[in-house]
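Protein chains: 2
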Amino acid sequence: MPRHRVVIVGAGFAGLKLANDLKGGSVDITIIDRRNHHLFQPLLYQVATTVLATSEIAWPIRSLYRNRPEVTTLLGEVVGVDLSEHTVSLRDGQGISYDTLVLATGARHAYFGHDEWEKVAPGLKTLEDATTIRRRVLLAFEKAEMEPDPERRKALLTFMVVGGGATGVELAGMIAELAHRALYREFRHIDTRTAKILLVEAGPRILPVFTPELSEYGRQALEKLGVDVRTGKSVTNCSAEGVKIGDEFIASQTLIWAAGVRASKAAVWLGVEADRAGRVVVRSDLTVPEMPDVFVIGDTASVVSENGRPVPGIAPAAKQQGAYVAKVIARRLAGAEPPRPFVYHHQGNLATIGRRAAVVEFGRLKLKGSIAWWIWGLAHIFFLIGTRSRIAVAASWLWVFLRGQHSARLITQRETIQDMDS
Amino acid sequence: MPRHRVVIVGAGFAGLKLANDLKGGSVDITIIDRRNHHLFQPLLYQVATTVLATSEIAWPIRSLYRNRPEVTTLLGEVVGVDLSEHTVSLRDGQGISYDTLVLATGARHAYFGHDEWEKVAPGLKTLEDATTIRRRVLLAFEKAEMEPDPERRKALLTFMVVGGGATGVELAGMIAELAHRALYREFRHIDTRTAKILLVEAGPRILPVFTPELSEYGRQALEKLGVDVRTGKSVTNCSAEGVKIGDEFIASQTLIWAAGVRASKAAVWLGVEADRAGRVVVRSDLTVPEMPDVFVIGDTASVVSENGRPVPGIAPAAKQQGAYVAKVIARRLAGAEPPRPFVYHHQGNLATIGRRAAVVEFGRLKLKGSIAWWIWGLAHIFFLIGTRSRIAVAASWLWVFLRGQHSARLITQRETIQDMDS
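Chain order of the listed sequences is A and B. Last residue of the first sequence: number 422 in full-length UniProt numbering, and the count goes up by one each step with no gaps. Last residue of the second sequence: number 422 in full-length UniProt numbering, and the count goes up by one each step with no gaps.
It is possible that some hints are incorrect.
Note: identical chains are not told apart, hence a pair may lie in one copy or across any two.
Pairs of lysine to aspartate or glutamate, EDC-like flavour, derived with a Cα cap of 20 Å [stated by the list, open to error]:
| id | residue 1 | residue 2 |
| --- | --- | --- |
| 1 | Lys143 | Asp92 |
| 2 | Lys154 | Asp285 |
| 3 | Lys143 | Asp293 |
| 4 | Lys143 | Asp228 |
| 5 | Lys23 | Asp99 |
| 6 | Lys233 | Asp285 |
| 7 | Lys125 | Glu306 |
| 8 | Lys143 | Glu116 |
| 9 | Lys224 | Glu248 |
| 10 | Lys233 | Glu306 |
| 11 | Lys154 | Glu186 |
| 12 | Lys125 | Glu213 |
| 13 | Lys196 | Glu116 |
| 14 | Lys154 | Asp92 |
| 15 | Lys23 | Glu186 |
| 16 | Lys244 | Asp285 |
| 17 | Lys119 | Asp28 |
| 18 | Lys143 | Asp115 |
| 19 | Lys366 | Asp21 |
| 20 | Lys224 | Glu118 |
| 21 | Lys23 | Asp82 |
| 22 | Lys244 | Glu306 |
| 23 | Lys265 | Glu70 |
| 24 | Lys143 | Asp247 |
Just so you know, these hints were derived from the structure itself, not from any lab.
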């Protein structure tokens, strides 16, 4: 009899964990992704802030499965799902047949109905997002060095990060390090230490998933780095000239969006119910209601854990879902009982502030400062793929830590095309 | 009295050598470049062929002079020179004043009057050129994996390099390694080892600057790697479908141009005589005739050495010219005799074929094979800037050498915009 065909769309943390856990089973796996690489998103902000090179946190998907002949990798863009034909439709017109379909297509950033803001305030989800932000941040300093007009120079040296979650905090902290530590001796007409970095959060406090104590510490650590933290303030307009926070206009040439996400089009492909963030509301076994052969996992799925709280859109949650679906598929093929409903085990929260401080929360264990930073750093190096990347990232961090020199400061691609791509 | 102002346009090998050798003198230096980075061009082909990451062979110019307060770096595009006003005009309208001007603006590749070929046959001069070629080569394999039609698959797996100089040979050799060694276990529908790599050279032999023996060895080494070498054949047409060599049409989706260069617009800016390649014909002290304060050096200068042979457009020649001009400027400021006319000292020729063989020629010393490869490798690591890059490049080579794995295989930017940029 023919082997069972599992098609996985999306090679993020959820999709890869599923493919990895299906190893040794008697299933043929096809992984489809728009990109040729898996991206280690938790460190993407370090590419955007010139600490890491793109190749240090991304790996060609097919190279990860070179020794798994039953795994086929396709570089293609999914545009729909034909449920009656059991096929996934690609942009180039091809259809890929499946017995079991798993959609793990992630999320993009959301602008709360102001998509026109994206051009001036790029978000951070892909390598191109990161190199776009990197280019804009570096170009702002370069233009300021050439700018005779003090007002315009001030706007060029004002960096605005919108969103006080981990990503926003990490971006603001590293931009502050860049301006106040890494760059200041390299310019002759400006003092990069005069740069203003603002972090705007609509909620009452930054790092809301942490305890009030740790988020207060995070705020103080950011302020020590020279970041101006504004909580309880929401952005009412973004333009090429700057940002409107409430009624106050702040001139800034460099805006970065780290607030809110919107799920992929998985719900549209399936024609099923989605929540406000566009995520597919799945059953407790992560299948789509009335579609036992279709799973949706990761940031594009809306999963409610037992305590009634939504499962967060973070890497560990995505991996747990991938592992769970691998178990479901294995049991089905073995004709065994389905496993108990999916339960999310929260391992903790981590966030860094600059190159020395971090906040870490593992259940009752709460840590801050440099010890937390080391735990954070080791944890992330551990989760990277391959010795080579681990060595490379460790070396880059060592350089930043000891020499204060950021090793990934190339400006590539022209700004004129940044809104098309970079 | 005010300090003497030297403006250097172009931070390639010639410009940087000049700025470095002027250290300690009483001159203010302004370096202007369109890019924020100095590029180690001799290894650029390894970025194009997925061996090295962009950040491993490029360095932010201003970071190289962080400890030289008299050196100002400007990211700007020169559009002209006002000789009467002694100013360099930038695209943004600013004028930069100079007492001594040095134009070291390099060269681009040339298409012998067929500029329309550039879109289908990109050359290799900038990081964007390299990532464009890398993306096209990798996408060709990805598309072939998806292509049901055998004819089109064959065209996708045919790679054509035009130009049998060192760059063309090095590109063809590494693409062969990629297809026959690095990738073949990662695809399921195609055998990448069936890929055809062609190297076309109009002249009678490849590597013409080497002795006939060494260029014959190079040809054999390439053929051992599976490269189809065609000498004495010139390209009569390039299109999206393929290449016409003489009357023979060869279907190929991936063309790379490594034949011929055209100098920058320096001659136009100065309104002076240029040779066929657009280079400024300079005097024996590397100044422009009738312009004692204006030097032109590097690939954009036409310099004839004593034996009447033109100085080649290679890094060592550019560095020697930069060093010479530094001496001229220092002597002038000291009121001393001008140095003797510039003499080019040819140190030798190097070229690699794949990841194990190379040809090396130092005067009477001629080497080939793996010993030559090690000499080539050590020489290049030595010439890189900074410990960090040396370690990184050595590590990347080690991985290729021992594991056969290429560590810079990311496809970024979309093909749709490649002709605008990448």
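Okay, the hints, checked on the actual structure:
1. Lys143 x Asp92: Intra 42 Å, inter 10 Å, cutoff 20 Å: inter-copy only.
2. Lys154 x Asp285: Result: close neither inside a copy nor across copies, 54 Å intra and 45 Å inter.
3. Lys143 x Asp293: Cα proximity of Lys143 and Asp293: none, with 54 Å in one copy and 29 Å across.
4. Lys143 x Asp228: Close neither inside one copy (22 Å) nor across copies (48 Å); limit 20 Å.
5. Lys23 x Asp99: Answer is within; shortest intra-copy Cα gap is 17 Å, inter-copy 69 Å.
6. Lys233 x Asp285: neither (39 Å within a copy, 64 Å between copies)
7. Lys125 x Glu306: neither (29 Å within a copy, 58 Å between copies)
8. Lys143 x Glu116: neither (24 Å within a copy, 33 Å between copies)
9. Lys224 x Glu248: Classified as neither: same-chain Cα gap 24 Å, cross-chain 69 Å, threshold 20 Å.
10. Lys233 x Glu306: The answer is neither: 33 Å in one copy and 72 Å across copies each exceed 20 Å.
11. Lys154 x Glu186: Classified as within: same-chain Cα gap 18 Å, cross-chain 51 Å, threshold 20 Å.
12. Lys125 x Glu213: neither (29 Å within a copy, 53 Å between copies)
13. Lys196 x Glu116: neither (25 Å within a copy, 46 Å between copies)
14. Lys154 x Asp92: Classified as between; 19 Å across copies, 48 Å inside a copy.
15. Lys23 x Glu186: For Lys23 and Glu186, the Cα distance is within 20 Å only across copies (16 Å; inside one copy 51 Å).
16. Lys244 x Asp285: neither (44 Å within a copy, 58 Å between copies)
17. Lys119 x Asp28: neither (41 Å within a copy, 39 Å between copies)
18. Lys143 x Asp115: Result: close neither inside a copy nor across copies, 27 Å intra and 32 Å inter.
19. Lys366 x Asp21: Cα proximity of Lys366 and Asp21: none, with 32 Å in one copy and 54 Å across.
20. Lys224 x Glu118: Cα proximity of Lys224 and Glu118: none, with 30 Å in one copy and 51 Å across.
21. Lys23 x Asp82: Neither. Shortest intra-copy (27 Å) and inter-copy (68 Å) distances fail the 20 Å Cα cut-off.
22. Lys244 x Glu306: neither (40 Å within a copy, 67 Å between copies)
23. Lys265 x Glu70: Intra 28 Å, inter 55 Å, cutoff 20 Å: neither.
24. Lys143 x Asp247: neither (28 Å within a copy, 52 Å between copies)
Figure legend: structure checked against the earlier numbered hints; hints not met, in rising order: 2, 3, 4, 6, 7, 8, 9, 10, 12, 13, 16, 17, 18, 19, 20, 21, 22, 23, 24.
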